[in-house]
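S.K.: Here are the chains, one letter per residue:
Number of protein chains: 2
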Amino acid sequence: MTTTPEPQPSDEAARRFVEDFALVFTNAGLQRMPARVFSAVLATQKGSLTAAEIAESLQVSPAAVSGAVRYLIHVGLMSKAREPGERVDHYRILDDAWYESVGRKDAIYRQLAESIERGMTALGPETPAGKRLQETHDFFLYIAKELPLLIERWRADRLEA
Amino acid sequence: MTTTPEPQPSDEAARRFVEDFALVFTNAGLQRMPARVFSAVLATQKGSLTAAEIAESLQVSPAAVSGAVRYLIHVGLMSKAREPGERVDHYRILDDAWYESVGRKDAIYRQLAESIERGMTALGPETPAGKRLQETHDFFLYIAKELPLLIERWRADRLEA
DNA sequence: CACTTGTTTCACAAAGTTGTGAAGTTAAAA
DNA sequence: TTTTAACTTCACAACTTTGTGAAACAAGTG
Chain A
480 MTTTPEPQPS DEAARRFVED FALVFTNAGL QRMPARVFSA VLATQKGSLT AAEIAESLQV
540 SPAAVSGAVR YLIHVGLMSK AREPGERVDH YRILDDAWYE SVGRKDAIYR QLAESIERGM
600 TALGPETPAG KRLQETHDFF LYIAKELPLL IERWRADRLE A
Chain B
480 MTTTPEPQPS DEAARRFVED FALVFTNAGL QRMPARVFSA VLATQKGSLT AAEIAESLQV
540 SPAAVSGAVR YLIHVGLMSK AREPGERVDH YRILDDAWYE SVGRKDAIYR QLAESIERGM
600 TALGPETPAG KRLQETHDFF LYIAKELPLL IERWRADRLE A
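Quick note, the sequences are listed as chains A and B, same order.
To convert, count from 1 in the first sequence and add 479; that's this note's numbering.
To convert, count from 1 in the second sequence and add 479; that's this note's numbering.
Keep in mind that the hints were calculated from the coordinates and are not lab data.
Identical copies go unnamed one by one, so any copy, or any two together, can satisfy a pair.
Below, a list of computed lysine to aspartate or glutamate pairs in the DMTMM-like style, where the Cα atoms sit at most 20 Å apart:
1) 525 x 596
2) 610 x 575
3) 559 x 579
4) 610 x 499
Could you put the whole structure together from the sequences, leaning on the hints where they help?
M.R.: As structure tokens, then:
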């Protein structure tokens, strides 16, 4: 046994950033533990961490890490990789994690639009309510269409530089 | 006493829409009760409802309605109005509720960018981690800037038609 | 001014969520 | 094939959130 029993010997400022960013990310809608795990990996120099390292650095159980990374992988923010003949998984943030997570919001707006459309039928398309819904519907579709284009434009601009 | 004791005599399809839309809206991030209240008002022909009507139509307590509308007003999705010499409040959805609620998301991205910026300082701007954060930071600021422009473009297009 | 009706506040119970320890599973190493 | 380290699953306890009933409050009305 030569590992440190301390919470972690390394950089205190980094740990504060991890919690700070996780908090903001939580406000943005992510659950707490996935936000912390993501944040912990984000703040590493090498860009990846093993489950044990995550657990140690956040002071949580391996079970919590397991649940969080499963979720993060599911929503396409992280990937798990194991080198051939290795025993540990390395978790890293996908290169286009952010683009995806913003761009994927178009699905939400599309769902809203679909629900509104059903509502128009239910309430009568020619009634005042129906007409009000029509505009909302169009707006949601507009956003759903434009969001991915926005990301694309960013990508294109980025390639030039 | 001449009011109906039934859950509500009126349109069944409308009630289904209310719950359907509330659900989608909840998936999009709103709490359940505010989503239901909003949805109930959205589905009315006259475009407004009193607290009592909301409570009746959703089969919830006045307290729940009170809490929900307070929240909805706070986040700028609803307004409360009382006619001079009236005893009841009428709740209605703000005309630009949706524009606001989408456009206001730029604040979230701005906060993310700010947190990332603090992280860059903490991790060292010239380190691998610092450089990775830089790009994320720029991306968030880009989104924060473009979202309101997107809404504006919609508004402009709409005025023409 | 007392009454009535509509709204808000508050303590609490019910329901839902989150993270833990412990047991179970997988796969490399011996 | 047995051992061992890494990871996952699961039942449960702690914590949080949500909606309720009851009481307090506010504002027209007679």
